[in-house]
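Using the hints provided, position chain L relative to the given structure of chain A.
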Amino acid sequence: MIRFDNVSKVYPKQNRPALRDVSLEIEKGEFVFLVGSSGSGKSTFLRLILREERATHGQVHVLGKDLARLSNWKVPHMRRQLGTVFQDFRLLPNKTVAENVAFAQEVIGKSRGEIRKSVPQVLELVGLGGKEDRMPGELSGGEQQRVAIARAFVNRPKLLIADEPTGNLDPQTSVGIMKLLDRINRTGTTVVMATHDQNIVDQMRKRVIELEKGRLVRDQARGVYGYQH
Amino acid sequence: MRAQFVLSEIGVGLRRNLTMTFAVIISVALSLTLFGGSLLMRDQVSSMKGYWYDKVQVSIFLCNKADAESDSHCAKGAVTQEQKTQIKKDLEALPIVEKVYYESADQAYQRYKEQFKDSPLISSITPDQMQESYRVKLRDPEKYQVIDTAFSGRPGVQSVEDQRNVLENLFNLLSGMNYAALGVMALMLVVALLLIVNTVRVSAFSRRREIGIMRLVGASGFYIQAPFIAEAAIAGLIGASVSVVLIVGAKYLLIDGWLAARIPVVNFIGWDAVIVKLPLVLAIGLLMPGLAALFALRKYLKV
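Protein chains in written order, with full-length UniProt numbering: chain A, 1 to 229; chain L, 1 to 303.
Same shape as in the complex, but just chain A (with noise of 0.2 Å):
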């Protein structure tokens, strides 16, 4: 599903590389986080995989698609087997729940049938049935961020990236978060999940990949948080 090899990412005008000589392999279906200090390499390694950085050295495969060999035009296309989800939700604020959902289909081409269909379906799935028609704004930061999960998944990826999904979220909404995001996982999508929450990894027992000044410095299945604030 993604895998890093030897990859290593120096942004320009910047001479500590953010990450260093990266190499892991992630399966389909596993549930993975991502946690290290800030600027230890967490959102490097994310925009990585969705291609909105190019390594430096080493190569990127997501999907099995060699992701410096994608020409630019192609990664549209990639993206649409992506779902991300953001800290900040990154909701349309004048677009109701239902539009904002439906959103990432009309951009995609979706037929109006189809949106219509599965639009619905997606909402009663991360337990948002009968608010379709409110806005961002008149919802819980809690229920804002099952909207963007609804509308990350609503075409149904291969991969969900979620980058620091409870960060804004008292640890009782995150726990609810985290039900809806492995219950996602068990339909067989693939999540990496970078995150701070302590109480999070420790509890969901998952796959922990710890990044340290740019280095995997652990790569532990059934791991925890272990990092010291």
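Hints listed in this document are in silico derivations from the structure and should not be mistaken for laboratory results.
Nothing here was measured: the structure is a model prediction, and the numbers come from that model.
Mixed in with the good hints, there may be bad ones.
According to the in silico footprint, chain L covers these stretches of chain A (three or more CB under 8 Å from chain L) [said to hold, decoys possible]:
(1) 69-78
(2) 84-96
(3) 101-111
Idealized CB from N, CA, C, for every residue including glycine.
Positioned in the frame of chain A, the structure of chain L alone reads:
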């Protein structure tokens, strides 16, 4: 791709940037009107050239009694009948001469009266002040010099004039004005394109959130750019339509309604010449802003 979705995005974009959109429309309309106008002006000049060059003649003015006193070329007195016959014979012997017309003083007076019938000058002129002349039509109007050397200074000849000189000056003036109009048009077009580039960038910036999400969920580059390009193209098309209205209005009101009645000697361009220019104006109005938008977005919206 669903047309309705794209259209609603375009509508939102155009309304959000209403003032900028107006600026784009106006500058596109003005520059394209100048462009169309100068194209038509060129047509007008070339059709006038064809029309007039066909009619131009070399005129050989003969001395009359009044000239005998005032003009040094006519010091020997008014032209005599033998001189006239000789000139006519010599002219007709030249191979470059196609045709020779004789215009008597009376005919010249009638023509003068016709041309200047509204002018107060007419009452001060009498038939015997007019000159007799030979109007020579040449096979090749460029060969004027031959006639000039052969007949200038001959007894009885007051002057040899090539009418082309007069027209040439007029046409030079007209095409000079035309180049000036083209220059202004080029400047206006640059202004219009810069405005479009700026408008599109502002528009893209104000929608960066949507754009970010579009990229996230895998919208293609074309899909993301299409609304912006369509916005610019629509504004351009509206501007081009305005300029079409202005051009048609100028033809209808200015040329047909005003100039044609006042300057009957000029054959003004017809509707056919105007109508063939309109699709060109519309196409430029549509394509140029679209390309400018594409250029503006190239740096802004990389994947």
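(request) State the violated hints by number, sorted upward, taking the hints as numbered earlier in the document. (result) The structure conflicts with no hint, since it agrees with every one listed earlier.
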